[in-house]
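Chemist: All chains, full assembly: derive it from the sequences and hints.
These protein sequence lines map, in sequence, to chains S and A. So the first sequence is residues 64 to 355, counted in this note's numbering. So the second sequence is residues 73 to 378, counted in this note's numbering.
No lab work stands behind these hints: they were computed from the structure. Errors might be hidden in some of the hints.
Said to hold, decoys possible - Computed Cβ-Cβ distance ranges for the label pairs, DEER-style:
hint: 1; chain 1: S; residue 1: ARG241; chain 2: A; residue 2: TRP123; range: 24 to 30 angstroms
hint: 2; chain 1: A; residue 1: GLU224; chain 2: S; residue 2: TYR194; range: 53 to 59 angstroms
hint: 3; chain 1: S; residue 1: SER84; chain 2: A; residue 2: PHE151; range: 21 to 27 angstroms
hint: 4; chain 1: A; residue 1: LEU218; chain 2: S; residue 2: LEU253; range: 55 to 61 angstroms
hint: 5; chain 1: A; residue 1: LEU218; chain 2: S; residue 2: PRO332; range: 33 to 39 angstroms
hint: 6; chain 1: S; residue 1: THR225; chain 2: A; residue 2: TRP143; range: 23 to 29 angstroms
hint: 7; chain 1: S; residue 1: PRO228; chain 2: A; residue 2: PHE99; range: 30 to 36 angstroms
hint: 8; chain 1: S; residue 1: VAL77; chain 2: A; residue 2: ILE262; range: 16 to 22 angstroms
hint: 9; chain 1: A; residue 1: TRP123; chain 2: S; residue 2: LYS198; range: 18 to 24 angstroms
Please read these numbers as outputs of a predicted model, since none were measured by experiment. C-beta atoms are modelled at their ideal positions from N, C-alpha and C, and glycine is treated no differently.
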Amino acid sequence: MIKSRKMEVFAYIVIGLIGISIILPFLLLLMSSFTDEISITRNGYSFFPKEFSLNAYAYLGKSSATIVRAYLVSIFVTVVGTVWGLVMTVLCAYPLSRRELPGRKVMNFYVFFTMLFNGGLVPTYLTYTQYFHIKNTIWALLVPNILVQAYNVMLAKTFFQTSIPVEVLEAARVDGARETTIFGKVVLPLAKPIFATLGLFISVTYWNDWTNGLIYLTDSKLFSLQNLLNRMTSNIQFLSSTSLGGNVTAADLPSQTVRMAIAIIGVVPMLAAYPFFQKYFVKGIALGAVKG
Amino acid sequence: MKKSKFERFRRFLPLYIMFLPAGIYFFINNYLPMGGLVIAFKKINFNLGIWKSPWVGLKNFEYLFKTSDAWIITRNTLFYNVLFIALNTVVCVALAILLNEIRNKMAKNLLQSILMLPYLISMVIISYLVYGFLSGESGFINNTVLKAFDMEKISWYAQEKYWPFILTFVQLWKNCGYLSIVYFSAVVGIDPTYYEAAALDGATKWQQIRHVVLPELTSVITIMVLLGVSKIFYSDFGLFYQVPMNAGALYNVTNTIDVYVYNALLSVGNISMSSAAGFYQSVVGFAVVILANWMVKRRNPDNALF
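Modeler: What follows is the structure, encoded as structure tokens:
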């Protein structure tokens, strides 16, 4: 666009203000978690706390067994889920990208249709609990709904179709290469960008997912970090009430600050990792709308 | 001829095998539950199992639609979706155009990253962020903002009149970065010679936006709106369940079909009601996708989803 100085200043002001509105809630969370409980009771959560205190973190330290466990569950689920989901997604997408594959249209429709129509929560819940018995198992956090997503398959399919020239595949075939060789030697080396993008999307999905735990877990031993946070919104005493909690009692719970401190602990990994992957994430989003 | 068909199949066999794991997954995760939709017409008795439970015809639906809940959840789901689609489109297209005005590359990248940030934060964490502002006893708004104006404290989590605004704001806060970047990448792709031509003709900034940028964005806007419309019977469960902290006093304005189905199934344990509501959502939702896509396709096949 022919850019004008006035418009640019206006853009800085508007987007800058929005940016501030995005940062401020995190700042409030952070400052509140470092405030003394009594000061919060008197003045509420504040950006400029009157009295600093590390009590909330000290309290969380005492029940660290539960928190560390939830962290480990989250890390395990994110790593295993991402690798597993990524492999299945790419393996599913590549055949769909090969125009000469007999039956490709039917297979494509089979995947795409799941985006248009689904059974919803009740039948899914009954299928997984009655037939596959995943309630209160680690599978509950890995498998339902997020392992392979049709949207990601379509994204990968489009990538293969647009980024790998048909002539290259053709040439390999004329040379007598088998399909497995073509995939391993020609396609995979060119597929790094899509692995990066999808890996990022899938791992963020796993790290942030709390619905599967909410639906399929009643045993708090398997709670991921998000499930722990979710449980604590309704029951702030949860940390002291679990058997894993160690030697803490509900009576001395600085509940208003602990609430904020646990949220900080939950959000820090994402905020810490974000600067390193934001570039790829923004690029991945820009791939834009996908068609069937 | 027969032999060549067999040869072709043999050649492509590895590709079918590659497809298989995900194929099985979609069968279990999506197609089995689709068949399971029939439970909306049954009275489930776990001793008999799902298939042997007796048929009850439309009874479950009769119960559901006799309650006022059916109307409330439909109204809320549709109302919020229409509002969100309209608001997000206007705000995010505007943001994308503004973002494109910024010449400094570093500033542009930094702002993009900040805008995207909320999209990466789970709704659970967002509900904590909102709580920091709205908590009755210790929230920032009650204790600092309202105090500064000498106003009474408000118990936010008990008064429904505020929530349509709060939910709309939180939704926009979370999603505008993502959508702006989708639109921004379309704005960047516009051929610069168009602007030059328009500028030569003496077009003002506003005229350039109206007559060059917006027409060029029509296609991507249509697709994004269509994606939104196709999910018009679905709601962001996290937004409506987590952010109001599932407060019963607010159900009138926060209860959507997804929240209702979840609560009916897992809090109340009423499979009849939840499966009827779920069936209603799946089937009407599907009809809406097909209809919306057909309407777009009739005008311009390139902008349709399928």
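Chemist: Each hint should be assessed against the structure and marked as holding or not.
Modeler: Hints, one by one, checked against the model:
1. ARG241/S - TRP123/A: 24 to 30 angstroms: Violated, at about 44 angstroms.
2. GLU224/A - TYR194/S: 53 to 59 angstroms: 55 angstroms, holds
3. SER84/S - PHE151/A: 21 to 27 angstroms: Distance hint for SER84/S, PHE151/A holds at roughly 24 angstroms.
4. LEU218/A - LEU253/S: 55 to 61 angstroms: Between LEU218/A and LEU253/S, where Cβ atoms are some 59 angstroms apart, the hint holds.
5. LEU218/A - PRO332/S: 33 to 39 angstroms: Since the Cβ atoms of LEU218/A and PRO332/S sit about 34 angstroms apart, the hinted range of 33 to 39 angstroms holds.
6. THR225/S - TRP143/A: 23 to 29 angstroms: Given a distance of about 46 angstroms, which is not inside 23 to 29 angstroms, the answer is violated.
7. PRO228/S - PHE99/A: 30 to 36 angstroms: Since PRO228/S and PHE99/A have Cβ atoms about 33 angstroms apart, the given range 30 to 36 angstroms holds.
8. VAL77/S - ILE262/A: 16 to 22 angstroms: 21 angstroms, holds
9. TRP123/A - LYS198/S: 18 to 24 angstroms: 20 angstroms, holds
Violation of the numbered hints given earlier is confined to hints 1 and 6; the remaining hints are satisfied by the structure.
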